[in-house]
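Number of protein chains: 4
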Amino acid sequence: MSGNSFGKLFTVTTAGESHGPALVAIVDGCPPGLPLSSEDLQQDLDRRKPGTSRHTTQRQEEDAVEILSGVFEGKTTGCPIGLLIRNTDQKSKDYSAIKDLFRPSHADYSYHHKYGVRDYRGGGRSSARETAMRVAAGAIAKKYLATQGIKVRGYMSQLGPIEIPFQSWESVGQNAFFCPDPAKVLELEAYMDELRRDQDSVGAKITVVAEGVLPGLGEPIFDRLDADLAHALMSINAVKGVEIGDGFAAVSQRCTQYRDELTPEGFVSNHAGGILGGISSGQPIVAHLALKPTPSITTPGRSIDVHGNPVEVVTKGRHDPCVGIRATPIAEAMMALVLMDHLLRHRAQNAEVRVTTPVLPQL
Amino acid sequence: MSGNSFGKLFTVTTAGESHGPALVAIVDGCPPGLPLSSEDLQQDLDRRKPGTSRHTTQRQEEDAVEILSGVFEGKTTGCPIGLLIRNTDQKSKDYSAIKDLFRPSHADYSYHHKYGVRDYRGGGRSSARETAMRVAAGAIAKKYLATQGIKVRGYMSQLGPIEIPFQSWESVGQNAFFCPDPAKVLELEAYMDELRRDQDSVGAKITVVAEGVLPGLGEPIFDRLDADLAHALMSINAVKGVEIGDGFAAVSQRCTQYRDELTPEGFVSNHAGGILGGISSGQPIVAHLALKPTPSITTPGRSIDVHGNPVEVVTKGRHDPCVGIRATPIAEAMMALVLMDHLLRHRAQNAEVRVTTPVLPQL
Amino acid sequence: MSGNSFGKLFTVTTAGESHGPALVAIVDGCPPGLPLSSEDLQQDLDRRKPGTSRHTTQRQEEDAVEILSGVFEGKTTGCPIGLLIRNTDQKSKDYSAIKDLFRPSHADYSYHHKYGVRDYRGGGRSSARETAMRVAAGAIAKKYLATQGIKVRGYMSQLGPIEIPFQSWESVGQNAFFCPDPAKVLELEAYMDELRRDQDSVGAKITVVAEGVLPGLGEPIFDRLDADLAHALMSINAVKGVEIGDGFAAVSQRCTQYRDELTPEGFVSNHAGGILGGISSGQPIVAHLALKPTPSITTPGRSIDVHGNPVEVVTKGRHDPCVGIRATPIAEAMMALVLMDHLLRHRAQNAEVRVTTPVLPQL
Amino acid sequence: MSGNSFGKLFTVTTAGESHGPALVAIVDGCPPGLPLSSEDLQQDLDRRKPGTSRHTTQRQEEDAVEILSGVFEGKTTGCPIGLLIRNTDQKSKDYSAIKDLFRPSHADYSYHHKYGVRDYRGGGRSSARETAMRVAAGAIAKKYLATQGIKVRGYMSQLGPIEIPFQSWESVGQNAFFCPDPAKVLELEAYMDELRRDQDSVGAKITVVAEGVLPGLGEPIFDRLDADLAHALMSINAVKGVEIGDGFAAVSQRCTQYRDELTPEGFVSNHAGGILGGISSGQPIVAHLALKPTPSITTPGRSIDVHGNPVEVVTKGRHDPCVGIRATPIAEAMMALVLMDHLLRHRAQNAEVRVTTPVLPQL
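Residue numbers (UniProt numbering), protein chains in the order written: chain A, 1 to 363; chain B, 1 to 363; chain C, 1 to 363; chain D, 1 to 363.
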């Protein structure tokens, strides 16, 4: 494996399964001197937490995070920050029903072929449960970025067939869907209720925006800011598509429509989503991501067991009928991690060291 | 910077600007024993080469590649492979017209703010000229993958507003557009001629497919196969969106539509694009990418110079009216690099070393 | 920072300070199927543990390790292994005496200048306490290597002025010094007692040996096996020198003395320490490391405080009079981590994937 | 392989064999704005060049380096710097004599077992010829470090049995041995002549010193400055030992001798070699390296061929009777690369971005 670290200078490494004892993360590379407490992380963890509305899984997890290191007298020290979240609601239910079969659209089949063994309890490592640690680590990045005037926020821009035009950031925090239009919330609730009746699930589209980003972040030609964002966002469970700015709409646009002209007052449009040549332009960075429908539904589906025999699969348990609903804080976290990493990388080359302490004359 | 390397075990590092003396690459991590000559690379370089039809830039580059190391008696040795392509048609024209201004939708503005200085001749490092080396390196990966039964191919699936349904791989090689439907070629040519008359450019959509991929490639949770593909494809110049399988179409699908059921005869559909939980499932891997319109057009656009004064920009020179037309071999190369890297990573954990030589008894 | 990860494919990331709540580690890249329990780690942790003889620090730490993830039904799953050790004997003593001054030969001065802030309790992150996690992670590597016939062991080869010729591995486990000659133990004890009376400390030399290593490990030209061993061993607290094979003795040797000739029965000597051209030769790998004297002694020394004023420093507390005494298991762990990483890297290129499960026919 | 890159932010990747067409390197991560020309690199290349005295190999290589990219109008642009050195004196002699056998103390045996194939001409990739590119890349680092007041220099401190106490930097540049004591040069020459008569070779010890290094460089706990130096120096061909400061002499010292006390006027000694807790202290950084005797001698030695049959080996050709004689510029280069990389890493966390250009108001 060794694919559980993210970032080059601001590096997040995580471990932990859905039904194991705990999730754990190490955040390495946070600059010293940042005021930090577990409460800072808890806010975003609570936004992602299951069980907060009838539209998400009913699993009850406090997701209480403990900071194990790297913070002293309320500030980061520059040393790695260890984070721990104990799993508390991993029911010791009987998994014999799914132990030997591959649930369609789940990772069962591919994990089985990769590793030979797999922790089948609640999806093990492939469960979205691991995203709690992404959110915790992302909250550290967000807090640091805020000190630099950078703000990362997201919202749901589409739920199944329902498109949601952006109205206001205030609205986003006032409903269970991260919906930016208060007028749409009832429609979303009705749709979700219908879905539950149909024993089905649906996809969603999330939009994430970073404002206040200085121009210059991104390291062409491979570690471009857009490429690293695509990596980060596509690494979230259930994500199947990523766009920067106009994304796929640019395919049918002509340059005279698409190009963002400049005037002495600034750019006159932002089709590019704030990134030119893989480097931030100073405009807001805008990304969209597509999430597939949750595979865990109670409508029976065809599959096979590990021996190749046909079986019928019904996924019981406590599942999200739309994984997109809780995805907004996760997408924000991943964008924040990318920006944080690139801010540090940019500094490495375009900055002078700030000498804070007089240095001794030397022998 | 230090963003010019790609891959963890099969690592490609490149350098070179559009109008500098040469492009250079080092491909590190190729297994020993692979038959390899510069002709193997030249084939794909020729597919990407400019000036092969009236629909692409008229710059004339032979793109003749020289292998500098890593190959001995016709086979790779396991040592790094150095590659060199001299630039031959970098006209020493007068660049004073664009030296101090920012061409809209180009990387001029962001490079200027990142580095302070920039090589303005033909876009310097931000030019798509560097993709020649991606294609050369990708050809090595393709050749190795072929020995493992893995084939990576691509085609143009949309040009501006014209959608192109897949008909056959034969067609792809028989026209200048990598168009998989021979019946569509005249329509594409007519559209391109119209575009040229309008002094405009347009976007495109490319589809890449890998067949014969064993199940098990991908290293969750961050180095998932889909996340690394997104990184690779989004790092190509002008790309603004990446999809795996159904991509954004999954947003409005229900699980009962989307999920790929299994039977003893195999999967019955491939909405997932061959990747489950970030790991290959053994089905064909399918990715789509969106390219924006080429920013270099002769229709005047508003911009500013480095001092903030308003200017009118007209991009003269030899430019592609649709960068998507030459993007197919580049996208294939990037997908091949990702698969090659993950094949090696997978082997590291799921393989036993093949002992080919009897080892001496030791003291 | 972001310097808290070690290894490319078998990656160990650690966090935790001497007097913080806990030490934590994530071991990423362990192949699936290895039987593993916390007892496997505890054995080596106990060998390193403080307080086991009168010749080491009297701090009492159980160093009880908890496996948080990556192991299911007694076997590794290929997913990252989270490890946790709670600190239990971090006395809440008064640190005001050392808070603002730089103890000579400690890391106080350099940490202060690097980070501006520092956790001064017991040395914080710079304390050798972090090596507990190296030992825990190394024990996983050792267990896997053992399944491949590779055994990593170490011993003390010099304590201060007393050289200790190797006699037997049996002796190493039978005294508090990891001394390979039972006849030397009394001399060592007498020397340590004298040292304590003198309120002084002393350096030591440790030798580590790996047997059963297949030829071929090491990735020239930079990631040579010897270079990575040097990195690993020099990263241990207090280490100031590393040798492979004859090391510095080779300086005054002639080639006719030094070179290891070969016969059909094998190599006739091992001056090279089992590594030729940065790649293992199949002979035993032999490395030596030099540890400086512990800086924490009660004999007063001159120093300055953070304001530049002269002060006299006396380091009280529970300290090792020779850090080398507990260094053997740490050195073994680091050598095991390097070998494990290189075994996986070697496999990536020289192995065929072992297909254990029949793969479905695909659509 | 994929072990041919060095450094995390200032990354050097090289390729090329002893008798192939060329050596090539890509230096990624050099800050923009550094004045640079091929003459800057040529100076150090000439110091390392073979054939400059009768005490080194008589191979004639101009080692003329060409900069292929990353420099525009005489200054670095922040884009990767491509470097090319054509091999000109690779005699097409008959290698059938050594093709199938393993020369003792060479890398033949281990390369054969690692890769199955090997370029046997002049040692292929394992030849010290590759160090030319280390020197070229190191010269870029040295030039940048000089702008920050950091100077890296080295000298020979021992040749075979002859210890050479440091007298002056002036002397180092005035003889073929990098000998810091003019009074010792005749003795060294006499010793070398005797060695040649005896058809033998000998080891050497090199010392490298960096002055003007700011305190704070180094990223514990694994990427400590001393650990990365050990990695860098041990990766040089023929190096078998590395020491920081007093190194192995610290083993038999007591703390009261060893510790470097501080006074308001600075440190009173430098046993630590300028590194405390893996971080630079601001004192001169001092490292020593041990090089083994060159394995290529004309005194016959026993060995075997690839089929296991006993053979007698005599290495003819043009070889250095002491590889240490040309090692000083290589050691300087490697130390410069480490310091450069750590300077950039340090800046990433302890610096504010220097905004040189007014940024536009944004939409």
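Keep in mind that the hints were calculated from the coordinates and are not lab data.
Mixed in with the good hints there might be a few duds.
[To be verified] Calculated pairs, DSBU-like style, for lysine-lysine (alpha carbon to alpha carbon, straight line, at most 30 Å):
{"hint": "1", "chain 1": "B", "residue 1": "Lys75", "chain 2": "D", "residue 2": "Lys99"}
{"hint": "2", "chain 1": "A", "residue 1": "Lys8", "chain 2": "D", "residue 2": "Lys75"}
{"hint": "3", "chain 1": "C", "residue 1": "Lys75", "chain 2": "A", "residue 2": "Lys75"}
{"hint": "4", "chain 1": "C", "residue 1": "Lys99", "chain 2": "A", "residue 2": "Lys316"}
{"hint": "5", "chain 1": "B", "residue 1": "Lys99", "chain 2": "D", "residue 2": "Lys75"}
{"hint": "6", "chain 1": "A", "residue 1": "Lys143", "chain 2": "C", "residue 2": "Lys99"}
{"hint": "7", "chain 1": "B", "residue 1": "Lys316", "chain 2": "D", "residue 2": "Lys75"}
{"hint": "8", "chain 1": "A", "residue 1": "Lys8", "chain 2": "D", "residue 2": "Lys99"}
{"hint": "9", "chain 1": "A", "residue 1": "Lys99", "chain 2": "C", "residue 2": "Lys75"}
{"hint": "10", "chain 1": "C", "residue 1": "Lys99", "chain 2": "A", "residue 2": "Lys75"}
Bear in mind the structure is a predicted one, so any value in this text is a computation, not a measurement.
Tested hints:
1. Among the hinted pairs, Lys75(B) with Lys99(D) is consistent with the structure: their alpha-carbon atoms are about 16 Å apart, no more than 30 Å.
2. With a C-alpha separation of about 27 Å, the suggested pairing of Lys8(A) with Lys75(D) holds against the 30 Å cut-off.
3. As the CA atoms of Lys75(C) and Lys75(A) are separated by approximately 39 Å, the hinted pair breaks the 30 Å bound.
4. With a C-alpha separation of about 57 Å, the suggested pairing of Lys99(C) with Lys316(A) is violated against the 30 Å cut-off.
5. A threshold of 30 Å between alpha carbons decides the hint, and for Lys99(B) with Lys75(D) the separation of about 16 Å falls inside it, so the pair holds.
6. For the given pair, Lys143(A) sits about 28 Å from Lys99(C) by alpha-carbon distance, which is consistent with the 30 Å threshold.
7. About 27 Å separates the Cα atoms of Lys316(B) and Lys75(D), which keeps this hinted pair within 30 Å; it holds.
8. Note on Lys8(A) and Lys99(D): the hinted pairing is violated, with a Cα-Cα distance of about 43 Å set against a maximum of 30 Å.
9. Taking the CA atoms of Lys99(A) and Lys75(C), the gap is about 16 Å. The hint holds against a cut of 30 Å.
10. Distance restraint check for Lys99(C) and Lys75(A): the Cα-Cα separation of roughly 16 Å lies within the 30 Å cut-off, and the hinted pair is therefore satisfied.
Checked against the numbered hints given earlier, the structure breaks hints 3, 4 and 8 and satisfies all the rest.
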